Amino acid sequence: MNLSKSLSIKLALFLIFVFSSFSFIPEGLITDHSGVLPKDYKKKLEIQLSEVAKNGGPEIAIVFIDSLEGNTIEKFAFDLFNEFKIGQRESNNGLLILTALKERKIRIEVGYGLEGALNDAKVGRIIKNQLAPHFAKKEYCLGLNKALNTIYQELKVNPSKKIGIKEEKYDFIMFMVLFVFILLLSRFKNRVMHPNRHVFTSNDQNRSQGFSGFGGGSSGGGGASGSF
Amino acid sequence: MRNNRVGFILIGFFAFIILCGTFCYNSLVNAHQRVKNGWSQVETQYQRRYDLIPNLLNSTKAYMKHEKAIFEELAKARAGYMQAESTNQKLSSAFEIEGVLTRFIALAENYPDLKANMTIQQLMDELAGTENRISCERMRYNQEVMRYNSLIFRFPSNLMAKLFSFHEESYVKSKESANEPVKVSFD
Chain A
927 MNLSKSLSIK
937 LALFLIFVFS
947 SFSFIPEGLI
957 TDHSGVLPKD
967 YKKKLEIQLS
977 EVAKNGGPEI
987 AIVFIDSLEG
997 NTIEKFAFDL
1007 FNEFKIGQRE
1017 SNNGLLILTA
1027 LKERKIRIEV
1037 GYGLEGALND
1047 AKVGRIIKNQ
1057 LAPHFAKKEY
1067 CLGLNKALNT
1077 IYQELKVNPS
1087 KKIGIKEEKY
1097 DFIMFMVLFV
1107 FILLLSRFKN
1117 RVMHPNRHVF
1127 TSNDQNRSQG
1137 FSGFGGGSSG
1147 GGGASGSF
Chain B
4 MRNNRVGFIL
14 IGFFAFIILC
24 GTFCYNSLVN
34 AHQRVKNGWS
44 QVETQYQRRY
54 DLIPNLLNST
64 KAYMKHEKAI
74 FEELAKARAG
84 YMQAESTNQK
94 LSSAFEIEGV
104 LTRFIALAEN
114 YPDLKANMTI
124 QQLMDELAGT
134 ENRISCERMR
144 YNQEVMRYNS
154 LIFRFPSNLM
164 AKLFSFHEES
174 YVKSKESANE
184 PVKVSFD
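Protein chains in written order, with the working numbering: chain A, 927 to 1154; chain B, 4 to 190.
Derived from the structure by calculation, the hints contain no laboratory data.
Computed from a predicted model, the values in this text were never measured in an experiment.
Cβ atoms here follow ideal geometry from the backbone N, Cα and C, with glycine treated the same way.
Be careful, since some hints might not be right.
Pair by pair, the computed Cβ-Cβ distance ranges are [said to hold, decoys possible]:
hint	chain 1	residue 1	chain 2	residue 2	range
1	A	Gly996	B	Ile14	58 to 66 angstroms
2	B	Arg157	A	Lys969	48 to 56 angstroms
3	A	Lys969	B	Asn91	54 to 62 angstroms
4	B	Gly10	A	Gly1142	43 to 51 angstroms
5	A	Glu1080	B	Leu110	31 to 39 angstroms
6	B	Ile14	A	Asn997	51 to 59 angstroms
7	B	Asn6	A	Arg1015	48 to 56 angstroms
8	A	Gly1042	B	His69	34 to 42 angstroms
9	B	Ala109	A	Asn997	21 to 29 angstroms
10	A	Glu953	B	Asn29	36 to 44 angstroms
11	B	Thr105	A	Leu1111	51 to 59 angstroms
12	B	Thr105	A	Ile1108	49 to 57 angstroms
13	B	Arg157	A	Gly996	28 to 36 angstroms
Just need the whole structure built from these sequences, with the hints factored in.
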């Protein structure tokens, strides 16, 4: 009995592991598997984006992926948008900013409901003038902030909390220092507390942030793409 | 007493059959409605492309003076779409526009002045967006057709489909390769 129970738990864990490695799970409004955004920036931006969405504004999702694995960015963004169901079901006010780091491609996919206010030409300009130049210099926060400000202006949204950007380089160094520090600390802790434990990634942390999924919106392939 | 029981069973049986039939019929009607709706979305996007073409022709004319032939071809293909009445005609003329548009964009890429022009850049973004929309809506339409067609062939809904003459719908595929949008890249 005990044996079969532990076996089934192992099997379930294995299945979860296999499943999670193939499917794409949103971490929240911001999904950054590649870890290009500093943690505190990500946290602040997540709060800002969820506030905007809560106050009837657009539901904006930001996703960084390592590679498109042979897909076109248009197809990937369309599938992701409609899989996540970004935006509210009735108003379809979702917006996805997808960046593929290996292919150096950006796409902003716009939900049906925002197509009028944010037409493809405007979105194309946001990519060309704001995202691409900064992303090319690895200034992801700066690029995102500028792009989001333009999007807020176009959609007449006033986020109550503005996110100030310090010098990106300074941020980056601080981030690296913190990262190394945390890494050392966690290794030390692991060794002391769980000497033989395997490391499994889980999204418990995301659950604690209270992300309750997207609103059920859909898109029809509107938006624009660009390279950086 | 026994007769009564048989009667009840028979009534129950028929009620079950009627219920099943109604359910099948309704799901067929719904699926067919979704196919129709999907097609109207595809048509909306075709119309969007159709509306963009005059703008495209006007703003690129000054730069591409030596490419009169393709301008005429594009205008002709556009007029062909306008005259098309049946779904099949519309589809074939939309494919024609697609073909000419692909060649037009390939030609336009040879003109560096074009790429520098802001208005044309924006127009190209709109065009790229429209092409992507067309391919997405086509994909959605095909998914709906697949659902509907499988209802037509599957038991027991195939019985209702035969009874009320629901016919199989055809998929939309672009001529060269399925769902491959016209490539518009001016980077």
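Tested hints:
For Gly996 of chain A and Ile14 of chain B, the Cβ-Cβ distance of about 59 angstroms falls inside the hinted range of 58 to 66 angstroms, so the restraint holds. Between Arg157 of chain B and Lys969 of chain A the Cβ separation comes to about 50 angstroms, which falls inside the hinted range of 48 to 56 angstroms. Range check, Lys969 of chain A to Asn91 of chain B: about 55 angstroms between beta-carbon atoms, so the 54 to 62 angstroms window is met. Between Gly10 of chain B and Gly1142 of chain A the CB atoms are about 48 angstroms apart, so this pair conforms to the stated range of 43 to 51 angstroms.
For Glu1080 of chain A and Leu110 of chain B, the hinted distance range of 31 to 39 angstroms is satisfied, since their beta carbons lie about 33 angstroms from each other. Distance hint for Ile14 of chain B and Asn997 of chain A: a CB-CB separation of about 56 angstroms, consistent with the stated range 51 to 59 angstroms. A hinted range of 48 to 56 angstroms for the beta carbons of Asn6 of chain B and Arg1015 of chain A is consistent with their spacing of about 54 angstroms. The hinted window of 34 to 42 angstroms between Gly1042 of chain A and His69 of chain B holds, with their beta carbons roughly 38 angstroms apart.
At about 23 angstroms, the beta-carbon gap between Ala109 of chain B and Asn997 of chain A stays in the expected band of 21 to 29 angstroms. As the Cβ distance of Glu953 of chain A to Asn29 of chain B is approximately 40 angstroms, the hint placing it in 36 to 44 angstroms holds. Thr105 of chain B and Leu1111 of chain A have their C-beta atoms about 57 angstroms apart, which keeps the hinted 51 to 59 angstroms range intact. The beta-carbon spacing between Thr105 of chain B and Ile1108 of chain A, approximately 51 angstroms, falls within the hinted interval of 49 to 57 angstroms.
Checked against the given bound of 28 to 36 angstroms, the beta carbons of Arg157 of chain B and Gly996 of chain A, roughly 33 angstroms apart, stay inside it.
Going down the numbered hints, you'll see the structure goes against none, and every one checks out.
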